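Undergrad: Following the hints, put chain B in place on chain A, whose structure we already have.
Those sequence lines, one after another, are chains A and B. Residues 24 to 585 in our numbering are what the first sequence spells out, letter by letter. Residues 4 to 138 in our numbering are what the second sequence spells out, letter by letter.
In short, the hints are calculated from the structure, not lab data. Keep in mind the model is a prediction, meaning the values are calculated, not measured. Yeah, the Cβ is synthetic: ideal placement off N, Cα and C, and Gly gets one too. Each hint should be verified, as a subset may be incorrect.
Unchecked claim - Some residues of chain B that are not near chain A, with every Cβ distance over 12 Å (derived):
#: 1; residue: R9
#: 2; residue: D21
#: 3; residue: R22
#: 4; residue: K25
#: 5; residue: I55
#: 6; residue: Q56
#: 7; residue: S88
#: 8; residue: D89
#: 9; residue: L107
#: 10; residue: D108
#: 11; residue: A113
#: 12; residue: F127
#: 13; residue: V136
Said to hold, decoys possible - Listed next, the in silico SDA-like pairs over lysine to any residue satisfying Cα-Cα at most 25 Å (straight line):
#: 14; chain 1: A; residue 1: K509; chain 2: B; residue 2: A109
#: 15; chain 1: A; residue 1: K542; chain 2: A; residue 2: F525
#: 16; chain 1: A; residue 1: K562; chain 2: A; residue 2: D183
#: 17; chain 1: A; residue 1: K405; chain 2: B; residue 2: T116
#: 18; chain 1: A; residue 1: K405; chain 2: B; residue 2: T46
#: 19; chain 1: A; residue 1: K471; chain 2: B; residue 2: M72
#: 20; chain 1: A; residue 1: K509; chain 2: A; residue 2: I409
#: 21; chain 1: B; residue 1: K130; chain 2: A; residue 2: Y478
#: 22; chain 1: B; residue 1: K130; chain 2: B; residue 2: I39
#: 23; chain 1: A; residue 1: K509; chain 2: B; residue 2: M72
#: 24; chain 1: B; residue 1: K130; chain 2: A; residue 2: N486
#: 25; chain 1: A; residue 1: K471; chain 2: B; residue 2: Q45
#: 26; chain 1: A; residue 1: K509; chain 2: B; residue 2: E101
#: 27; chain 1: A; residue 1: K471; chain 2: B; residue 2: T124
#: 28; chain 1: A; residue 1: K471; chain 2: B; residue 2: P105
#: 29; chain 1: A; residue 1: K471; chain 2: B; residue 2: I39
#: 30; chain 1: A; residue 1: K509; chain 2: B; residue 2: G110
#: 31; chain 1: B; residue 1: K130; chain 2: A; residue 2: F51
#: 32; chain 1: A; residue 1: K562; chain 2: A; residue 2: K56
#: 33; chain 1: B; residue 1: K130; chain 2: A; residue 2: V494
#: 34; chain 1: A; residue 1: K509; chain 2: B; residue 2: A122
#: 35; chain 1: A; residue 1: K186; chain 2: A; residue 2: P156
#: 36; chain 1: A; residue 1: K260; chain 2: A; residue 2: P156
#: 37; chain 1: A; residue 1: K452; chain 2: A; residue 2: N486
#: 38; chain 1: A; residue 1: K56; chain 2: A; residue 2: K71
#: 39; chain 1: A; residue 1: K523; chain 2: B; residue 2: T46
#: 40; chain 1: A; residue 1: K471; chain 2: B; residue 2: I121
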Amino acid sequence: MAKLIGGKPKSKNGEAPKGDRALWEAQFESAAKLPGANDRTISDHPLKPMYAPEDVQGVDYATEVGYPGQYPYTRGIHPTMYRSRLWTMRQFAGFGTAMQTNERYKFLLSQGQTGLSVAFDMPALMGYDSDHPRALGEVGKCGVAIATLADMQDLFAGIDLGKITTSMTINCTAPVALAMYIATAESQGVSQEKLGGTLQNDMLKEYIAQKEWIYPPEPSMRIITDMIAYCSKNVPKWNTISISGYHIREAGSTAAQELAFTLADGFAYVEAAVKAGQDVDEFAPRLSFFFNSHSDFFEEIAKFRAARRIWARHMRDRYHAKNPRSWTLRFHTQTAGCSATAQQPENNIMRTAFQAMAAVLGGTQSLHTNSLDEVLALPTEKNVQIALRTQQVLAYETGVTNVIDPLGGSYFVEKLTNEMEEAAEDYFKRIDELGGVIPAIHAGFFQKEIADASYRYQREIENGERIIVGVNEFIVEEEQQIALLKIDREMELEQCRRVKEFRASRDGGAVESAIAAFKRAAETDENLMPHYLDCVRKKATLGEISEALVPIFGRYREPAFI
Amino acid sequence: MPRPIRILVAKAGLDGHDRGAKVIARALRDAGFEVIYTGLHQTPEQVVEAAIQEDVDGIGLSVLSGAHMTLFPRMKQLLDEQNASDIILFGGGTIPNEDIQPLLDAGIAAVFTPGTPIATTVDFVRKACGKRVEA
Numbered sequence: 024m025a026k027l028i029g030g031k032p033k034s035k036n037g038e039a040p041k042g043d044r045a046l047w048e049a050q051f052e053s054a055a056k057l058p059g060a061n062d063r064t065i066s067d068h069p070l071k072p073m074y075a076p077e078d079v080q081g082v083d084y085a086t087e088v089g090y091p092g093q094y095p096y097t098r099g100i101h102p103t104m105y106r107s108r109l110w111t112m113r114q115f116a117g118f119g120t121a122m123q124t125n126e127r128y129k130f131l132l133s134q135g136q137t138g139l140s141v142a143f144d145m146p147a148l149m150g151y152d153s154d155h156p157r158a159l160g161e162v163g164k165c166g167v168a169i170a171t172l173a174d175m176q177d178l179f180a181g182i183d184l185g186k187i188t189t190s191m192t193i194n195c196t197a198p199v200a201l202a203m204y205i206a207t208a209e210s211q212g213v214s215q216e217k218l219g220g221t222l223q224n225d226m227l228k229e230y231i232a233q234k235e236w237i238y239p240p241e242p243s244m245r246i247i248t249d250m251i252a253y254c255s256k257n258v259p260k261w262n263t264i265s266i267s268g269y270h271i272r273e274a275g276s277t278a279a280q281e282l283a284f285t286l287a288d289g290f291a292y293v294e295a296a297v298k299a300g301q302d303v304d305e306f307a308p309r310l311s312f313f314f315n316s317h318s319d320f321f322e323e324i325a326k327f328r329a330a331r332r333i334w335a336r337h338m339r340d341r342y343h344a345k346n347p348r349s350w351t352l353r354f355h356t357q358t359a360g361c362s363a364t365a366q367q368p369e370n371n372i373m374r375t376a377f378q379a380m381a382a383v384l385g386g387t388q389s390l391h392t393n394s395l396d397e398v399l400a401l402p403t404e405k406n407v408q409i410a411l412r413t414q415q416v417l418a419y420e421t422g423v424t425n426v427i428d429p430l431g432g433s434y435f436v437e438k439l440t441n442e443m444e445e446a447a448e449d450y451f452k453r454i455d456e457l458g459g460v461i462p463a464i465h466a467g468f469f470q471k472e473i474a475d476a477s478y479r480y481q482r483e484i485e486n487g488e489r490i491i492v493g494v495n496e497f498i499v500e501e502e503q504q505i506a507l508l509k510i511d512r513e514m515e516l517e518q519c520r521r522v523k524e525f526r527a528s529r530d531g532g533a534v535e536s537a538i539a540a541f542k543r544a545a546e547t548d549e550n551l552m553p554h555y556l557d558c559v560r561k562k563a564t565l566g567e568i569s570e571a572l573v574p575i576f577g578r579y580r581e582p583a584f585i
Numbered sequence: 004m005p006r007p008i009r010i011l012v013a014k015a016g017l018d019g020h021d022r023g024a025k026v027i028a029r030a031l032r033d034a035g036f037e038v039i040y041t042g043l044h045q046t047p048e049q050v051v052e053a054a055i056q057e058d059v060d061g062i063g064l065s066v067l068s069g070a071h072m073t074l075f076p077r078m079k080q081l082l083d084e085q086n087a088s089d090i091i092l093f094g095g096g097t098i099p100n101e102d103i104q105p106l107l108d109a110g111i112a113a114v115f116t117p118g119t120p121i122a123t124t125v126d127f128v129r130k131a132c133g134k135r136v137e138a
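The shape of chain A in the complex, shown without the other chains (with noise of 0.2 Å):
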């Protein structure tokens, strides 16, 4: 029989030990308190002041816990977590041309820097060409450009694609980066099948926080479960989705409220899959995740590993998934850009060093620690280093590598781990109730709760119930200004003048014969996914794909509410 964690534990001749509960009791209510927001997370979840075995009575270890490596992987997903491999350090960068961008991924691998991942520039991740007018002033500004092939094989210049694992933030344009990438590697000799890497590829949540759309939800399912069965396919070990609830929580919501929406995710992109016909184990274990790690620390650990312990379980119970490796959910971890801050900015390097430390211990495969001038634009070379840095320190120095998820069995995290699995399994029954993830999206479900959610916080460090050090308390007058990146704006009619040249040097007839049969395909149930490719290799421009089918697939529009 199992063990408990919990239960009454008992002395030698089977009386419980001593220890006076009533007595702690009495001299807590009767101290003095702090004022503040101390009884709650910074998720408004309630808490005690102290956590005891009564409080995880019941559970039981080999069941709800387990071992590393083992279901329902509460602990972690491998056996030997950083006893045999860190966490892969994946600085998330880019920023005007791809040329600039590729120095800054060059000397991010020269520091140590284990995978590399790419930040598109907002036009590229609306789908607009560089010179598009809607592209005017956001050229390069918060990623880099990229319109064309020739960007994308600029970007990764010198780097051999057959060795490195690149990450892809992009997601209604996604199929037309993935191409790219894949026709990239193939200038270099390097083939399809050999591509490692993940690309972010998850609308849903764009349609809940962060906003980036071209069609409406239902054609970009079908896009994504085309995209899936390409991928298992000929892109075996690459990441289809990166099933996130980092923009989620950037957009306000609580820690609950991100791990259930982005599970809520994950469900419905298996179940669209499965729906399209494909077998669960097929595609489910190239399926990721990617948190964010905020700075209520032990709520954020019990965060993580419920994510792990309900997915599990649903992918098991409900999905039928037999591959032990369809049950294991994987994440990226980002520190919370959200809680950083502008006043003092460099007290955000000490924010982002708690955050990191709790995504390591809630057992993150990979982590981008933010830089401290990340509130205020891109940053530069020297803050990138000092974010890099904190992650070396953490995984060398501090020790908390050595034994695997040393918070495990710890009266509160189990049980505020079990809290956090309760809040998520109320929300499926929510969104199940509105009729499942698209209608709750259609209806603004998860909009209005993260918009609630947003404006309490607001409330609490605007009322001081909450200190936001050197925002509310401990401000100094006069603020010392830090060096900036700068992109300027010749940067941005340069990319343009590349652009118009790619389009005056290709053949137009093959371009405009790979778009007809593109938008054929998209009448039809045929998979995009080798359209994309070959609009690509003709040379149409990212612009001009993903153009082409809001004839056929209409263009999405938020209805607008506060």
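TA: Just chain B now, kept in the frame of chain A:
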């Protein structure tokens, strides 16, 4: 009793970050103002047209994509061209300090950066846009 101040909270450009815009919209509404929200991904032309049609006293533009040096001056120019210079244009977002003065010089009435207390923005709107209500 004077009519309430009317404010258009706007998101322009390709930027989808609407957390700040929604918090400000709710806070202005809670402060007793009438608030209209444009929704996402508007062009400067669409925002100015909506502002004139709705006869607002002020536009609060939120930009977190780095395109503020393009979007704010363009919107101010459109307001001037359409004889709507009396509509107060203010805004906020991830705007580096060194860009604030050039924006003020371009006729943007106020620029609020991350961490600004909501009360500061509300007080500004009450004073700056209140004048238009009385006029």
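Undergrad: State for each hint whether it applies.
TA: Checked hints:
no.	hint	in the structure
1	R9	holds (14 Å)
2	D21	violated (6 Å)
3	R22	violated (5 Å)
4	K25	violated (5 Å)
5	I55	holds (18 Å)
6	Q56	holds (15 Å)
7	S88	holds (22 Å)
8	D89	holds (25 Å)
9	L107	holds (17 Å)
10	D108	holds (17 Å)
11	A113	holds (16 Å)
12	F127	holds (15 Å)
13	V136	holds (21 Å)
14	A/K509 / B/A109	holds (20 Å)
15	A/K542 / A/F525	holds (23 Å)
16	A/K562 / A/D183	holds (22 Å)
17	A/K405 / B/T116	holds (23 Å)
18	A/K405 / B/T46	violated (36 Å)
19	A/K471 / B/M72	violated (31 Å)
20	A/K509 / A/I409	holds (19 Å)
21	B/K130 / A/Y478	holds (24 Å)
22	B/K130 / B/I39	holds (19 Å)
23	A/K509 / B/M72	holds (12 Å)
24	B/K130 / A/N486	holds (22 Å)
25	A/K471 / B/Q45	holds (21 Å)
26	A/K509 / B/E101	holds (11 Å)
27	A/K471 / B/T124	holds (23 Å)
28	A/K471 / B/P105	violated (36 Å)
29	A/K471 / B/I39	holds (16 Å)
30	A/K509 / B/G110	holds (23 Å)
31	B/K130 / A/F51	violated (48 Å)
32	A/K562 / A/K56	violated (67 Å)
33	B/K130 / A/V494	holds (24 Å)
34	A/K509 / B/A122	violated (31 Å)
35	A/K186 / A/P156	violated (38 Å)
36	A/K260 / A/P156	violated (38 Å)
37	A/K452 / A/N486	violated (34 Å)
38	A/K56 / A/K71	holds (13 Å)
39	A/K523 / B/T46	holds (24 Å)
40	A/K471 / B/I121	holds (20 Å)
The earlier numbered hints that this structure contradicts are 2, 3, 4, 18, 19, 28, 31, 32, 34, 35, 36 and 37.
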